[in-house]
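Going down the list, the protein sequences come from chains A and B.
Counting in our numbering, the first sequence runs from 1 upward without gaps.
Counting in our numbering, the second sequence runs from 1 upward without gaps.
Some hints here could point you the wrong way.
Computed footprint of chain B on chain A; a stretch qualifies when at least three of its residues, placed anywhere within it, have a C-beta under 8 angstroms from a C-beta of chain B [claimed, not checked]: (1) 46 to 55; (2) 62 to 70; (3) 103 to 116; (4) 121 to 128.
Quick list of in silico lysine-lysine cross-link-like pairs, DSS-like style, CA-CA up to 27 angstroms [claimed, not checked]: (5) A/114 <-> A/89; (6) B/34 <-> A/137; (7) A/137 <-> A/80; (8) B/67 <-> A/137.
No wet-lab data here; the hints were simulated from the structure.
The beta-carbon is built from N, C-alpha and C at its ideal position, and this holds for glycine as well.
There are 2 protein chains.
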Amino acid sequence: MARKPSAADAPLRLDNQICFAVYSAAHAFNRVYKPLLDLLGLTYPQYLVMLVLWERDDVPVKEIGEKLFLDSGTLTPLLKRLEAAHLVKRTRSSEDERQVLIALTPQGHALKEKARSVPQSILAATDCSVSELVAMKDEIVALRDRLNAVVGE
Amino acid sequence: MARKPSAADAPLRLDNQICFAVYSAAHAFNRVYKPLLDLLGLTYPQYLVMLVLWERDDVPVKEIGEKLFLDSGTLTPLLKRLEAAHLVKRTRSSEDERQVLIALTPQGHALKEKARSVPQSILAATDCSVSELVAMKDEIVALRDRLNAVVGE
DNA sequence: TCACATTTAATTGTTCGCAATTGAATGTCG
DNA sequence: CGACATTCAATTGCGAACAATTAAATGTGA
Numbered sequence: 001m002a003r004k005p006s007a008a009d010a011p012l013r014l015d016n017q018i019c020f021a022v023y024s025a026a027h028a029f030n031r032v033y034k035p036l037l038d039l040l041g042l043t044y045p046q047y048l049v050m051l052v053l054w055e056r057d058d059v060p061v062k063e064i065g066e067k068l069f070l071d072s073g074t075l076t077p078l079l080k081r082l083e084a085a086h087l088v089k090r091t092r093s094s095e096d097e098r099q100v101l102i103a104l105t106p107q108g109h110a111l112k113e114k115a116r117s118v119p120q121s122i123l124a125a126t127d128c129s130v131s132e133l134v135a136m137k138d139e140i141v142a143l144r145d146r147l148n149a150v151v152g153e
Numbered sequence: 001m002a003r004k005p006s007a008a009d010a011p012l013r014l015d016n017q018i019c020f021a022v023y024s025a026a027h028a029f030n031r032v033y034k035p036l037l038d039l040l041g042l043t044y045p046q047y048l049v050m051l052v053l054w055e056r057d058d059v060p061v062k063e064i065g066e067k068l069f070l071d072s073g074t075l076t077p078l079l080k081r082l083e084a085a086h087l088v089k090r091t092r093s094s095e096d097e098r099q100v101l102i103a104l105t106p107q108g109h110a111l112k113e114k115a116r117s118v119p120q121s122i123l124a125a126t127d128c129s130v131s132e133l134v135a136m137k138d139e140i141v142a143l144r145d146r147l148n149a150v151v152g153e
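Using the sequences and the hints, build the whole thing.
In structure tokens:
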């Protein structure tokens, strides 16, 4: 039973799975980012949150979650760690007391300058042209959005 | 100080990051897999281990780790959970007592048949042609391998 | 043979990621 | 206005993921 490679098994072969490609590529990115982000004192998900805040400050947790596809169970402890590192401040909104607004501290703002060298280091590690990467990124985003549409976002 | 959108900020914008595309696509895949794998009683990483074992049985932990890019810190507890679920058996190799060999139980073997419908459901969720997916997969794998080469695998 | 390095899993501790629940604030509808 | 549902963040519990360390088995070289 299932001793020799069978054509019927092809869909279950690891190397044929796009999702394993994506899964393992995500981990590979993480490993490349790690030493760069260690210099900033950030983990990769924390870096993503900082990217959001460097674009727009004073944002409710909900909005960060929508941009990063993460929920409060992930974000609440992560944001508390960023607060403990003096990079953000968490304050309950006065208009709507259900919301918690996340604002950068001066140190959080300042970290942006140190982070500017990161994307270029990553680009070098990919050994790809910018146009290739943009094309791949657009394809992957389109795929992601179709997947999220199925789950029902 | 960084009030209006600046061209210098483009590399730090979330939407320009291929790695966020990959990261968020991996999570999107996970969400699509979840209800399918719940029927098998597996998590996604556990499913990956089972894919490896369905291809070749009686494999040392090390080899599973190399195929999935995971280390013993991740695999040891995961394999213990698969053993607790009666899907695999862990036995120390007699030739080399450092190695632990992972073998499928009859239930582990049988689960392969239930899993055959999974890849097709995923394919449907992507709303892509097979050839498109194969092309993307190959690109992503090539990128992953270049990234892993930089870290030094 | 014996000291030493290497290999392999297991362990410990920290951080994600998510499902499920809780509790407070807000919205809605009769 | 008042019962009810909804929204939002926090919390709890579990399963990854990985760095760092440990311990045992094996390999290597003097």
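Status of each hint after checking the structure:
Residue count for the region 46 to 55 of chain A with a Cβ under 8 angstroms from a Cβ of chain B: 5. That meets the three needed, and the coverage hint holds. Check result for the region 62 to 70 of chain A against chain B: holds, 3 residues qualifying (beta carbon to beta carbon below 8 angstroms, three or more required). Coverage of a stretch by a chain is defined here by at least three residues with a beta carbon nearer than 8 angstroms to that chain's beta carbons; for the region 103 to 116 of chain A and chain B the count is 4, and the condition holds. Residue count for the region 121 to 128 of chain A with a Cβ under 8 angstroms from a Cβ of chain B: 5. That meets the three needed, and the coverage hint holds.
Our distance criterion of 27 angstroms between C-alpha atoms is met by residue 114 of chain A and residue 89 of chain A, whose separation comes to about 20 angstroms. Distance restraint check for residue 34 of chain B and residue 137 of chain A: the Cα-Cα separation of roughly 24 angstroms lies within the 27 angstroms cut-off, and the hinted pair is therefore satisfied. Using a Cα cut-off of 27 angstroms, the hinted pair residue 137 of chain A and residue 80 of chain A is violated, with the two alpha carbons roughly 31 angstroms apart. Of the supplied pair hints, the one linking residue 67 of chain B and residue 137 of chain A holds, its CA atoms being roughly 25 angstroms apart against a limit of 27 angstroms.
The structure fails hint 7 only (numbered hints given earlier).
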